[in-house]
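There are 2 protein chains.
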Amino acid sequence: MRRLSTTDSDFDPALEQLLAWDLVSDHQVRQRVDDIIQDVRQRGDLAVLDYTARFDRWSPACAADLRIPHARLAAAWEQIPGAQRDALEQAAARIRHYAERQKLADWSFTEADGTVLGQQVSPLDRVGLYVPGGKAAYPSSVLMNAVPAKVAGVGELIMVVPTPAGELNDLVLAAAHVVGVDQAFAVGGAQAVAALAYGTETIPAVDKIVGPGNIYVATAKRAVFGQVGIDMVAGPSEILIICDGKTDPDWIAMDLFSQAEHDEDAQSILVSWDADYLDRVAASVERLLPTLEREAIIATALRQRGALILAQDLDDAIAVANRVAPEHLELSVAQPESILRQIRHAGAIFMGRYTAEAIGDYCAGPNHVLPTSRTARFSSPLGVYDFQKRSSLIMASPAGAARLGQTASVLARGEGLTAHARSAEYRGEVG
Amino acid sequence: MRRLSTTDSDFDPALEQLLAWDLVSDHQVRQRVDDIIQDVRQRGDLAVLDYTARFDRWSPACAADLRIPHARLAAAWEQIPGAQRDALEQAAARIRHYAERQKLADWSFTEADGTVLGQQVSPLDRVGLYVPGGKAAYPSSVLMNAVPAKVAGVGELIMVVPTPAGELNDLVLAAAHVVGVDQAFAVGGAQAVAALAYGTETIPAVDKIVGPGNIYVATAKRAVFGQVGIDMVAGPSEILIICDGKTDPDWIAMDLFSQAEHDEDAQSILVSWDADYLDRVAASVERLLPTLEREAIIATALRQRGALILAQDLDDAIAVANRVAPEHLELSVAQPESILRQIRHAGAIFMGRYTAEAIGDYCAGPNHVLPTSRTARFSSPLGVYDFQKRSSLIMASPAGAARLGQTASVLARGEGLTAHARSAEYRGEVG
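Here the protein sequences come in this chain order: R and B. In terms of the working numbering, the first sequence opens at residue 1 and continues consecutively. In terms of the working numbering, the second sequence opens at residue 1001 and continues consecutively.
What the hints contain is simulated information worked out from the structure, not anything from laboratory work. All residues carry an ideal CB built from backbone N, CA and C; glycine is no exception. Hints should not be assumed to be uniformly reliable.
Unchecked claim - Simulated crosslink set (SDA-like; lysine to any residue; CA at most 20 Å straight-line): (1) R:LYS103 <-> B:PHE1109; (2) B:LYS1103 <-> R:ALA105; (3) B:LYS1103 <-> R:ALA20; (4) R:LYS150 <-> R:ASP113; (5) B:LYS1246 <-> B:ARG1294; (6) R:LYS103 <-> B:LYS1246.
What the hints assert, rightly or not - Estimated spans, in silico, between C-beta atoms of each pair: (7) R:GLU295 <-> B:SER1059: 33 to 43 Å; (8) B:ARG1067 <-> R:GLY180: 53 to 63 Å; (9) B:ALA1399 <-> R:ASP274: 21 to 31 Å; (10) R:GLY114 <-> B:ALA1283: 56 to 66 Å; (11) B:GLU1100 <-> R:GLY180: 32 to 42 Å; (12) R:ARG3 <-> B:SER1059: 47 to 57 Å; (13) B:ASP1022 <-> R:PRO13: 37 to 47 Å; (14) R:ARG43 <-> B:GLU1016: 40 to 50 Å; (15) R:ASP276 <-> B:ALA1093: 16 to 26 Å; (16) B:GLU1016 <-> R:PRO69: 43 to 53 Å; (17) R:TRP21 <-> B:ALA1399: 34 to 44 Å; (18) B:ARG1032 <-> R:ASP263: 44 to 54 Å.
Make the full structure from the sequences, and use the hints.
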């Protein structure tokens, strides 16, 4: 793993280079995705069937075959081992419990003249959940995306999942069963996103699409943004660990690995002001790496995008974390709560030596869908609030209409919008 | 204005056609915008100066000339009439008062085993505010975008405003003064969005860009989404009015006009179950139209995109509103509060005969930046929450780490992510 020090003369550009990741897709990918979307808009099911045959290497006879029936989800639930059923149920319950705290509520207040102002909250009618298939088939992702939607009260949850060569992942289907997905379809890629955004004869149009996917899925989501809502454009997963040098270096090495094992682009960074400790973690990495199932992926990720950073002190380490705005931030220090308010940007904060990121990934309760690639500067974990929306409420009393109408009239006339002014003035004349 | 009836055999397609608006920009516009963004990323200030000379028809001598100094904003504040100063101050105060209610707060809870879960809320560091120039220079837009950012506690608010032929609008500058914009630049178009997203030598990079703009601005915002946050992709402004036939038809006609006067694409729709009333409003439209300053724009908008819709009854009218998911919904009926919960999708709801949309546009308090083009199905008015973000908090006790680690381990191994499993298991061994 590369070593950096915040006192290096070239630390700033070196850090920028380490973090560089362009969330914007290249022109060629965009063009291909645009073509697929246009085709699905025009030909509906037929286009979806064509792309499924081409990209997923299986050929459903007709669009109805794309549907994964409820019975299939229930069968998967019965087939998986009991320990997995228990774990899925416990995780879903904890995610639900945390999500309940996030629900937005209506509010209103009445002014002295009787004018009422407020906000009404409603759930989305219908949401599409994209679940990756193949290598990266993650049941935890089904829980994390579906549970907050259900807690929000979304009317209908439509899952799509690609089935490379027709293969379905029982753990994913079992997770869909336990969260109560309403409809499921064996379709993926940009064609699935297009179908959810515009609807086909078989796949219903939704109001928002959430869930992770490859570059084609991400590009398609960006392209249909506006027609439907989307959750976020996700880059590779990342962790930044701040450690005071007192946590077992094997633990920290394994935390770095747990991030790096996602894929070769994943990013693992450790920051400490104890140079000896960085050496000890490096030794643990060296020693433990060969014991890991996903050694090759981890080695590549650590080499390409990992780093051990020597800071001057705790404050300097926090400054690095705020510049990185990491998806996952571990504060493996003695009194993590005392520095919490200094953390300005992070998707999720794992506090103390006992809080491995992995428990947050699966079952602690908070969502594992988090802003990546420094987008924690402006965005939040996925939550119930992403499946609710607000409507402003205004009910002017006659007196309020007269009073507010005067102010509105002055500003409207200042903008040259005289119909606005007259519309406000009408109410004032009788109010 | 066109007349539709919900009982027409072709009502559904006719409504779809009436509402049709593609928020996705065409290929040519996207290509031009991409080129501008690339150029600004590479050449910084020089590119911004070139595009400003080309598109805004004025040639600043150097990038420093793009800056609009604080003194210029203060001078504008002094120059405008006292009535406008009062109106801006009153509007800002009311928008601030409403916005205060929207602030997100930290929360946390402790479980039986000592594990703490929660959420920490932080403001964005730096926000860019795009303000259109020229014909559509709206000081109210400055208030509506800037006040919630300031209430959220955003560190620095950077305003950009194009100055066609070098001309500045004093009312816009005065609004920037009263809300306390931190830096202002005389630059617009895709080049302004690119500069805010990536930064130049003169214009600082921001974390999120908000504010309305033309098709180039909207396309640029979509293109830089991910690098920075954006508010929304806005289409033409719309109103849908539900009236029980008991509101003065002149008032309703003026409300339709106030929407239509924005531009030729603006949409004004009235729904009533009283056919006579639709006739009376049509007569008012006919009679009042020639008295309006923006008659030509309004006539075009009403002809192209306006409609008077005859519903069967109140419930049927509400069903139309929910299908349209309008930006602005006026409930010009006797007991608007009794039907509020039936409204599933609307940006802002104006209740009762006295609540003209115009007072909401300027000074009632709720934001006038609202989801258009049916995006109220999945999005909300601009608010303080758009300038804050959440970080999840997890602090496992040793006992909690052991318990949660078991569940995490089962699920991680089910996904083939064994480093995740081992990272969780390490803590359990001692916990």
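We went through each hint and held it up to the structure:
1. R:LYS103 <-> B:PHE1109: holds (15 Å)
2. B:LYS1103 <-> R:ALA105: holds (13 Å)
3. B:LYS1103 <-> R:ALA20: Not OK: LYS1103 of chain B and ALA20 of chain R at ~33 Å, beyond 20 Å, violated.
4. R:LYS150 <-> R:ASP113: violated (40 Å)
5. B:LYS1246 <-> B:ARG1294: violated (27 Å)
6. R:LYS103 <-> B:LYS1246: Distance ~38 Å between LYS103 of chain R and LYS1246 of chain B Cα, so the pair is violated.
7. R:GLU295 <-> B:SER1059: 33 to 43 Å: Taking Cβ atoms as reference, GLU295 of chain R and SER1059 of chain B lie about 60 Å apart, which means the hint is violated.
8. B:ARG1067 <-> R:GLY180: 53 to 63 Å: Taking Cβ atoms as reference, ARG1067 of chain B and GLY180 of chain R lie about 56 Å apart, which means the hint holds.
9. B:ALA1399 <-> R:ASP274: 21 to 31 Å: Since the Cβ atoms of ALA1399 of chain B and ASP274 of chain R sit about 28 Å apart, the hinted range of 21 to 31 Å holds.
10. R:GLY114 <-> B:ALA1283: 56 to 66 Å: violated (32 Å)
11. B:GLU1100 <-> R:GLY180: 32 to 42 Å: Cβ of GLU1100 of chain B to Cβ of GLY180 of chain R: about 38 Å, so the range 32 to 42 Å holds.
12. R:ARG3 <-> B:SER1059: 47 to 57 Å: About 49 Å separates the Cβ atoms of ARG3 of chain R and SER1059 of chain B, which means 47 to 57 Å holds.
13. B:ASP1022 <-> R:PRO13: 37 to 47 Å: With a Cβ separation near 42 Å, ASP1022 of chain B and PRO13 of chain R satisfy 37 to 47 Å, so the hint holds.
14. R:ARG43 <-> B:GLU1016: 40 to 50 Å: violated (19 Å)
15. R:ASP276 <-> B:ALA1093: 16 to 26 Å: Since ASP276 of chain R and ALA1093 of chain B have Cβ atoms about 58 Å apart, the given range 16 to 26 Å is violated.
16. B:GLU1016 <-> R:PRO69: 43 to 53 Å: Violated - the Cβ-Cβ distance for GLU1016 of chain B and PRO69 of chain R, about 31 Å, lies outside 43 to 53 Å.
17. R:TRP21 <-> B:ALA1399: 34 to 44 Å: holds (38 Å)
18. B:ARG1032 <-> R:ASP263: 44 to 54 Å: violated (35 Å)
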